[in-house]
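Visitor: What follows is the residue order along each chain.
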Amino acid sequence: MAKNDLITGSIWDEYSNQVIRRMDNPTYQGEITEEKAKELGGKLIVADFGAESCGDAVRLYWCVDENTDKILDSRFKSFGCGTAIASSDAMAELCIGKTVDEAVRITNIDVEKALRDTPDVPAVPPQKMHCSVMAYDVIKKAASTYKGVDMESFEEEFIVCECARVSLATLQEVIKINDLKTVEEVTDYTKAGAFCKSCIKPGGHEEKEMYLVDILENTRKEMDHDKMKVAADASAAGESSFDKMTIVQRIKLIDEILDTDIRPMLMMDGGNMEIIDIKENMPHYDIYIRYLGACSGCASGDTGTLYAIESVLKQKLDENIRVLPI
Amino acid sequence: MEVYLDNNATTMVDPEVFKEMEPFFCHIYGNPNSLHKFGAGTHPKMVEALNYLYDGINAADEDDIIVTANATESNNTVLKGIWIDKILNGNKNHIITSEVEHPAITATCKFLESQGVSVTYLPVNEEGVLDAAQVKDYIREDTALVSIMWANNETGKIFPIKEIGQICKEAGIPFHTDATQAIGKVPVDVQECNVNYLSLSAHKFHGPKGVGALYVQKGYTLTPLLHGGEQMGGHRAGTVDVASMIGMGFAMKLATSKIALAYENNHVRKLRDKLENAILEIPETLVIGGKENRTPNTTLISIRGVEGESMLWDLNQKTIGASTGSACASEDLEANPVMNAFGSDSELAHTGVRFSLSRFNTEEEIDYAIEAIKNAIHRLRAISSSYAYTPKDHVSEL
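Going line by line, the protein sequences match chains A and B.
Just so it is clear: in the first sequence, position 199 is 199 by this note's numbering, and no numbers are missing.
Count along the second sequence from 1, add 1000, and you get the number used in this note's numbering.
Any given hint could be a false lead.
A few chain A residues that face chain B, going by a derived Cβ cut-off under 8 Å, partial list only [to be verified]:
#1 P26
#2 Q29
#3 G55
#4 V58
#5 S78
#6 F79
#7 G80
#8 C81
#9 G82
#10 I85
Since the hints were made in silico from the structure, they are not lab data.
Keep in mind it's a predicted model, so treat the numbers as computed, not measured.
Here a beta-carbon is modelled for each residue, glycine too, at the ideal position from N, C-alpha and C.
I would like the entire structure built from these sequences, with the hints used as guidance.
Guide: Take a look at the structure:
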């Protein structure tokens, strides 16, 4: 939230002139009849997507030349807001002259870009991006009807955010590479969830098969699992380094070193020590300890003894270790 | 021609009201809390304005009417005040409201739920109103408040306030009503209806924006939302917006007089019905919530095959202002809960257009609007994929 968000304007102010023109006078609005298709020498394809109860529905008509698979004409009818009408109009225009295979590659991003007045300024406000998604989906529906195949067969990847065309694989990869921890970070890195927001969590405009919150949680679980496996394998092979270890492995290892190199000396003087916590305070590993017995209250606990403990752990485990008595 | 048919959103300030307010900006500008004559000079008109508020809802002299910034503040003050007084400090933990309240109520209730308060949202029937007996059924031993709107902002449907007030009185439970959409449209009498708290907002009845009021019956507690000075008897701190308060009082006087209410029920209702009937002549259109028992200025119409925002767009091209609860016209893309609450037909949620008139609308404007609406329906249905399934002779009848 900032100054520009405090008093918001009408979403209509953010529509491009192209959107407005097509809302007012959609060029490709209409239908193609069997007779008209015959006249053009092609096969009529009619595809429906969406529903009035969802707020958006579109019917796409294609006349396809069966010898070349080329779309000779394309028309639409649309129940929806103005941007849905404009998106459908742009979508129908983009289809004309393409083969069915080429048309299937038209994405909602292509539709939205076709509606821009200038290349860098979006044609519609973020929450209206979903209107162009429907235009994309109906193309797949028409192509599947024409080819007699399942609609999903055109989707090479599972798309989580249809507005921004972000796939599940991309999301998982970006979360892992960048160690992302929040949905906001995922949106910042990928734009997924930045537009209609339906893919963020259940309860949005459209019901989704998969949501960003779940993907993030599951990917983080996978990352933790992978990390533990790597740590366990490295430990088993005797190749584990302190920075790659899990917290439990670190505590165990520190305790082993303390038992071998430190505690015997402390116990000779009637004292001892315990590990309270380990915190990553990058680049440091802060190890919190408490002195026991004669060591508690001993003057050298904060000087010589402490220096000795820290030196041993630094030498044997990691240069970045700091020991902090509580 | 410009035609404003969105008076449930806000109204123009009546020029007579503005005339009463004007001196209080540059000439009589003293702080009403000051001792000197500049401050004291505001008092007579403020008292007069306050009296009009009391008269407008038939409040007793011993009751409180606190001037607030708007009905949202009034609603928040009641609900959060009850939370602090009866829920945090007492053993009650339950509020009853309806599913179709304004967000000033529902969003506040959601917040209170996050603080551990139990809230019952009563559903409405096919006509968009709730049966008063339902309130009785849901009252519990720990019910701290019942809050039900007087009239619905989307449909104009009037709720059985008198009956609910009686039920609450018998059960000994405070009753609050958000009367924002009722003032100036139907008679509002807090004594007759056993109302203990009532919220209102000036800009809905030709007063200025940014000022509202909260009625609190004598004997009913109120924890202030704003602490600070001793203004409004300690119930609401902050220097009173004198001009706005005076505007609200005079707007109340003009809107609630017998003549004004009669005009609303004759002239405005007649224009509304003319508009409504002309649209209903078009096949596959209907009044959401039915035609009975509504405020005389409001009609929410479903036009099959026409999405709400696209209809507003076309009307705006003709400089006609209306409103829709359609998801696509809002920021969050969620359909209006009032439209969803009817539950009878999910398709209605995206096809509703609300026309709300005022006493300033003319017959000429309505004739112009009817023509524009018919043309818009004709154009949008020709594009509409869902309407493509219906017989074409319907379209040709337009």
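Visitor: Now tell me if each hint is right for this structure.
Guide: Outcome of the hint check:
1. The interface hint given for P26 (chain A) is met, as the beta carbon of that residue sits about 6 Å from the closest beta carbon of chain B, less than 8 Å.
2. The closest approach between the C-beta of Q29 (chain A) and any C-beta of chain B is roughly 5 Å, which is under the 8 Å cut-off, so the hint is satisfied.
3. Interface hint status for G55 (chain A): upheld, as the beta-carbon distance to the closest one in chain B is roughly 4 Å, under 8 Å.
4. Given the 8 Å rule on beta carbons, the hint for V58 (chain A) holds: about 6 Å separates it from the nearest Cβ of chain B.
5. Given the 8 Å rule on beta carbons, the hint for S78 (chain A) holds: about 5 Å separates it from the nearest Cβ of chain B.
6. At about 4 Å, the closest approach between the beta carbon of F79 (chain A) and any beta carbon in chain B falls short of 8 Å, and the interface hint on this residue holds.
7. For G80 (chain A), the shortest C-beta to C-beta distance to chain B is roughly 5 Å, which falls under 8 Å, so the interface hint holds.
8. Hint status for C81 (chain A) relative to chain B: holds, with the closest Cβ pair at about 4 Å, below 8 Å.
9. With its C-beta approaching chain B no nearer than about 5 Å, G82 (chain A) sits inside the 8 Å limit, and its interface hint holds.
10. Of the supplied interface hints, the one on I85 (chain A) holds, with its beta-carbon coming within about 6 Å of a beta-carbon of chain B, less than 8 Å.
Against the hints set out earlier in the document, no violation occurs for any number.
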